[in-house]
Amino acid sequence: MWDKKDQKDVAPGSFATGTGYGNTMHSAPSSSPSSSPSSSRLVNIGQTIFIKGELTGTEDLTIEGRVEGKIELKDHNLTIGPNGKIKADVFAKSIVITGELFGNAFASEKVEITNAGILKGDITAPRIVIADGAQFKGSVDMDKGNAPRTAPQVSRDQVRPIQTVAGDASVQQKASLPQSAPYTPAEKR
Amino acid sequence: MFGPIFKRRTPPELDTQQGPPLAAETRLQPSHVLPRLARRLTHLPHPRILDLGSVVGGNLQFFIDLGCKVTADDLLKPVETILPEAGVPGTDWKGPSAKRLEHPDMSFDAVIAWDLFDFLAPTEAKVFARDLLRIVKPGGIVLAFFTSRETERREPHRRFRIHSQDKIEWISVGRSRTLRHVYQNRDIERMFDGFKTHTAFVLQNGTREMLLEKKVATPAPPSAASLAAPAK
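So the sequences go chain by chain: A and B.
Okay, so the first sequence: first residue is 1 according to this note's numbering, each after it adds one.
Okay, so the second sequence: first residue is 190 according to this note's numbering, each after it adds one.
Extracted from the complex, chain A is given alone in its bound form (with noise of 0.2 Å):
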């Protein structure tokens, strides 16, 4: 349905058009197995299309576009390209943001913030990545209430790095801290 092929057939905002919030577009035909991932297609949105309402699918999705409302991609990947502008809450398995998203983030697996990304809003995930020079507002959560904590210490024979990657300052490795040290008020120099 969102195949390049069927976007030349589509009118630049046929689907802002008096719609407003509340259209539900599935973005997949039924028959097309979701867990299969051989048959997983990539399909995208193009710069010329703008969707006002809420977007579902069961397949990854590409966003070159803009979209104002809702999209719920739930177990499947989101990808916002270079010239996608979202205003929407965002629900996936993985959101790559290397557009502008304007609303929160909730995948059940990774968010990502590309250098050239921008996002404002909230961020839900186990996993983040932000690269640097990312623009980033918000929150994060990432559900750890129940996760012991640890504080660190100041000596230098124990400190472990966060393990970042190349080029990019990513989140995705846990810092290991050691074992937590009673506060002892700091001294006034």
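Please keep in mind that the hints were generated in silico from the structure rather than gathered at the bench.
Be careful, since some hints might not be right.
[What the hints assert, rightly or not] Restraint ranges, calculated between C-beta atoms of paired labels, are given here:
#1 Pro-82(A) / Gly-383(B): 41 to 47 Å
#2 Asp-122(A) / Asp-294(B): 15 to 21 Å
#3 Lys-404(B) / Thr-56(A): 48 to 54 Å
#4 Asp-75(A) / Arg-375(B): 55 to 61 Å
#5 Glu-109(A) / Ser-337(B): 28 to 34 Å
All C-beta atoms in this analysis are idealised placements derived from N, C-alpha and C, irrespective of residue type, glycine included.
Following the hints, position chain B against chain A.
Then chain B, alone, in the frame of chain A:
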């Protein structure tokens, strides 16, 4: 004897020392305040922190691992994107005053203001510090960096990446230079009226890293009427 004390600040336009090289510069510096802040946050229930400045993913992860709920606000992004070509002093950043921090009063246990205050003009810095006073909880902490040089000069701003628990990687960002103001201790005390200095260190590279703690308001003495009220 008094030479260094009364040494005049060189106006920025006359400053012949052009500061650090324009090429990307990376340095690993020790941090004395970060472990202290981390230990303090560890002992707070569900601390909330605000990270101001260039957003670095690894830094967010560091604080998340401490059990913090992290909010990021990239106030320095305009400096990276607006200023012009290499070596050309650009239009000075006007700072974030036009748009106040959009956070409720007393909503954060700590605020990390990386390489931020030096690029704010004095009046701007004071207004911004007052806004921090508003959003920080009593007893909350502000981590901030200030240069301790004697002269103001134009420099590229820096991005800070927490490398380990007591080391921070300093990375010069961008190729344009912004005027870095010099604030003495007395200036900082006036700027952060309502805070007290918790910890301050001067690093070998001439940067002061400071932890400023918001004063806890002294409770008002109980009124005669409340003392007279029967205990429930």
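Status of the hints after comparison with the structure:
1. Pro-82(A) / Gly-383(B): 41 to 47 Å: holds, 44 Å
2. Asp-122(A) / Asp-294(B): 15 to 21 Å: Once the Cβ atoms are compared, 20 Å apart, the range 15 to 21 Å for Asp-294(B) and Asp-122(A) holds.
3. Lys-404(B) / Thr-56(A): 48 to 54 Å: Holds - the Cβ-Cβ distance for Lys-404(B) and Thr-56(A), about 52 Å, lies within 48 to 54 Å.
4. Asp-75(A) / Arg-375(B): 55 to 61 Å: 59 Å Cβ-Cβ, so the 55 to 61 Å window holds.
5. Glu-109(A) / Ser-337(B): 28 to 34 Å: Violated, since Glu-109(A) and Ser-337(B) (Cβ atoms, about 45 Å apart) do not stay within the stated range.
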